[in-house]
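Got two chains here, each in a separate frame; can you build the complex from them with the hints?
Chains D and V, in that order, give the protein sequences.
Residues in the first sequence are numbered consecutively from 1, following our numbering.
Residues in the second sequence are numbered consecutively from 469, following our numbering.
Certain hints may be false.
A few chain V positions that, by computed beta-carbon distances, are all more than 10 angstroms from chain D [claimed, not checked]:
id, residue
1, G496
2, R528
3, L610
4, D657
The calculated DSS-like cross-link candidates involving lysine-lysine, where the alpha carbons are at most 25 angstroms apart (straight line), are [as the list claims (entries may be wrong)]:
id, chain 1, residue 1, chain 2, residue 2
5, V, K490, V, K541
6, V, K619, V, K676
7, D, K367, D, K387
8, V, K573, D, K262
9, V, K573, D, K253
10, V, K694, V, K619
11, V, K636, V, K619
12, D, K201, D, K236
13, D, K262, V, K490
Treat the hints as calculated values from the structure; they're not laboratory data.
Virtual Cβ for every residue (Gly too), placed ideally from N, Cα, C.
The chain contents come next:
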Amino acid sequence: MSKLGVLFRTTAVRLSALYLILFSLCAAFLVFYVTGMSERLLQQQTRDAVTAEVTQIEQVYTRAGINGLLRSLERRARQPGANLYVIAGPSGEILAGNVASLEPGLLDREGWTERPFAYQRYTDETRKDSHVALAHVLMLDNGLRILVGRDLQEPQKFRALVRQALMVALGIMGLGALIIWFAIGRNALKRIDRMSEASTKIMAGDLSQRLPTSGSGDEFDRLSESLNAMLGRIEKLNEGLRQVSDNIAHDLKTPLTRLRNKAEAALARKGTSQRGALEEIIGESDQLIRTFNALLMISRVEAGSAAAEMSEVDLSQIVSDCVELYEPVAEDVGLRLEADLAPAMAISGNRELVGQALGNLLDNAIKYAEGAGEPLIKVALGRRDGKVVLSVADRGPGVPEEKRDDVVKRFVRLDDSRSKPGTGLGLSLVEAVMEMHHGALELAATVPDNADNGKGLTVRMVFPASAT
Amino acid sequence: MVTRMKILIIEDDIEAAAYLAKAFREAGIVCDHASDGESGLFMASENSYDVLVVDRMLPRRDGLSVISELRRKDIHTPVLILSALGQVDDRVTGLRAGGDDYLPKPYAFSELLARVEVLGRRKGTPEQDMVYRVGDLELDRLSHSVRRQGKEIPLQPREFRLLEYLMKNAGQVVTRTMLLENVWDYHFDPQTNVIDVHVSRLRSKIEKDFDLPLLRTVRGAGYMIKDDRTAGA
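One chain only, chain V, in its complex shape (with noise of 0.2 angstroms):
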């Protein structure tokens, strides 16, 4: 098995952090926490970690104001950041401060997890590469070509761009709004089963004439590509 991704916690909140920590650990990921602002920037300053999950108000140093110090520093750890304000504008000084993805208080662990993993493999994704790669199935990002098993797979645009995100993450979780944010660059609620129409759609297109399922959804989480056999192996 590949190492372990290793993560810290900044959260006030002593039991939410407790109850964070056991979920983390038992999807199989290192977790430290840090009750305060100062301890935070401290442990993010002195350890490696893979992502750091902030909460956005924090006793002694407020969490937008740990982020920009750890920049300052060249620490370049992605964040992702916690907030209870969900303010629309929230989410852009979030990101402007330095981090690197946003949730907003109250979330479904589910949709933390999958955005952490996201974040954590991302050093190990290369940006540059140009083919995409899941078992049989290609994608050219270049000539913005899809084919499987050698045969070409026409695709609408947006359809491309969704099979182009769900294969750099391949192997990891996507839910469908990190589909929504990162396809359609929208954050907002789409009400209904939007993201899984599209999917399904694609998912007619990329496995109808074969036999191996390739794109798979996870309940109660989101989407997630991946080659079993490779896995399997």
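Excised from the complex, chain D in its bound form (with noise of 0.2 angstroms):
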């Protein structure tokens, strides 16, 4: 019982029995259409077949007088199906005809009788059961009266017939629609079932588990299909959560481990100095502030919550601000910066984070041209299809083609640059901020035809398409 009311319950089934009841309205509707139609049809043919035998027994009558018309009248009434013929006195009582009895008063108006009415035919007499039949009553002038009637028998079995074939056509299809009903929300329960199964499982924390599809295509599968969509997402991101906090771990444990390494250091070293240790402490302790402040911009940028800080920024004069600050840095250790910067190009955007992620950018191209290749890094601004792009380029040792997707990742350095100081985030950073933009970060070789180590790493901010 409670199977069945969980039945009821379901969306499918509450619609299919709305469907049905609206259907067996139409359907009650059309049977009593027709059969009243028909029933009108046919009274209006046996009306019409009366009035022409009273226009024929009127003729007769005038034509031949009582005699004719008696002589006439026999011979119909004695044909095979005939009609009803009764000839009674001014008093109503029967004189001649094949009517055994009428109901009492008929006789008594001239013209149609009101309704059908009831009568029993001489042969009738064994069988008691009665007639029915429509009838038009003549009055002659000396007072007979001459009744000319059809029997409807014929007509009303008609009806009963056809309301009965439609009543038992209904009676099928409502079985039919009671079938498809139960069957289509059994169905539609069990794979709701099999759903909420795989998701109590998925919530129990197995998120590894996917909802079950049955490769129709149908709304369930596509429900289905988004919702594991949807549950990878959540997979990757959780695997993403946990890669950062184990990396986390690793990354600033180092630098702690460190630290603790120094000040106990300089805690041995009685009497002497300290000084010296203790800025090496600070210089680390200064790191690891910058490596949690990175972290955090990531996260907040990655959060969205800057962008309400988002305005109509000049780019080209963040980038001539960038390189006019990194130059004598670049200078220094040898390299030179070389700035390609198409005027006033303007995007919708954040000045700091930009400002941040194409410091970071150089910085990057400073750190690993060093001393390698060609010394020089290019800087251009200008549109392509539409779009700004800003493009850092360096002739140092590049990144290899199948690591790049790596590289931007957090925490994630490649082993030759671990000597190297920095967090390994700053990539990340620069990801997060493109998308913020809704731009891209594309990583690309400087020279890609270039066999040996010294391809460069071209790293491009591809901002979308400003507004105006």
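Here is the structure:
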């Protein structure tokens, strides 16, 4: 019973029940309309036939008088399947005809009987059932009354037949609908049960579980598929989060340990000046703070909370500021910083974050191009397919193609770069900033066909075309 | 000695506040402490401080509302906002509420100290001074010229602004971040020693042909321009 109750709570079943009720109402209307119409049509035919006969009888009476009329009626009454004929006296007593009895008072009025009436034929005396007929009463000038009628048995039988046929058809349809209803509802319920079973497992922590799909591509499949895609994303984010916390643990523990070791060493150095050691400790903790700040900044940017501070900014100005800021640093290590900037490139963005991102790129370029390959870093700002592209190209060792996705991840540093200072967060921040600006970060080789190691790295920040 | 600077720290973390107070006292700054927004607001309104150091998230009344309430009462004590939020737009909202400087946590104490000192002495540094002097070095803000011992030293525009900021805060430590913020007007972390390179270029220009060094590196903190002879006298 409760199973049925659950079944009825499904949308499919509710809808089909509603359809069933509506359909039944329409069908019932159809049955009554069709039978009613056919009945009216048949009655009309009956009336026409009776009227024709009455006209004939009147003509016979006028031509041949009462005797001719009687003979004519006699003849007509004996025909098989004859109509009803009654000749009655002025007081209503039946004188001749093929009718045994009539409803009383029927002959008192000339013209059509108001409604079908019951009567009995002579032949029916054994069977007591009465017939129903429609008749026309004619008053002759000598006081005789003549009734001409037609039996309604056939039309009524026809009507009953039609009605019965329609009812049977309706019944079959209703039964079919019920079966389909039950089947659909049960099927839907089963699939939903399977889905909730799977989601219970997922809730229990097994993120690798997926909702079942039947492969039919119906609405359940589509729902399952999009939920599965969502689960995939959650799993990936979760994985990323775990990786990040592992990395944080590792990359923060290392400098913390170093810090502690230095403090210990300073403490052990009795009497002598501890100033140098303390300064080293401060430097170490500054690096830690820097890493923390970079991490915080990335997560803020990724959370999109900085998106509120976007405004129209002059990218050309930011780039030339940054180039000016980093130029002496590059020069100091023997690198040339060349800038090719299109003027007045306006984008919708956050000046600080774009500056920080470009700063990270320049810092990387200077760090890795130092003493490797051609001592040149090119910064270019221009348009490509309507988009604003800012690129920093160095001629350093570059990044192998298969590693390019990795270096963007947090704390990922290529083995040969571990000796260089840095947090391993620079490119992660650039990527987060580009995502916030609805742009893209592209990494490529500066000299693609250079077989030896000095391919160089070109990093492109691609901003979407400005709204203006 | 000049009168000691007096500041108020409004910070709900008792331990952090105690550490800050001790460090400030060691640096020669008189320090009061309030542990929630309401009492902080009361103390700041009743007493006269040179600088307020206000944490953003405080019990009973948040830091920003303390600042705007003070400003509404026409109290214009310089305020430095400390914030653990560190959001990019935090600085903007903080400064909009009436703060004068902003420092995200975690910070180095040397950075905080340098900023507090600059804020506290700001009242004494007349902005309208057209010529800054440190020893025999002279910077004319109107003609954008720099002389030492009467000899003109040609500087790039950025180098001029760098020296201008250092001389405006002569005798005080300015950190690298402060220089980036005030000379370049950016608030990001430049990762490497960008500022150092700019400062050392400036230094070579103003000190190369002269005996007495003026621009000193304060290890672990930043830079300071100072004439040692006047300080010693």
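For each hint, the structure was consulted:
no., hint, verdict
1, G496, "20 angstroms, holds"
2, R528, "25 angstroms, holds"
3, L610, "24 angstroms, holds"
4, D657, "6 angstroms, violated"
5, V:K490 x V:K541, "30 angstroms, violated"
6, V:K619 x V:K676, "13 angstroms, holds"
7, D:K367 x D:K387, "29 angstroms, violated"
8, V:K573 x D:K262, "24 angstroms, holds"
9, V:K573 x D:K253, "19 angstroms, holds"
10, V:K694 x V:K619, "19 angstroms, holds"
11, V:K636 x V:K619, "21 angstroms, holds"
12, D:K201 x D:K236, "18 angstroms, holds"
13, D:K262 x V:K490, "24 angstroms, holds"
Violated hints, in rising order: 4, 5 and 7; the structure is consistent with all others.
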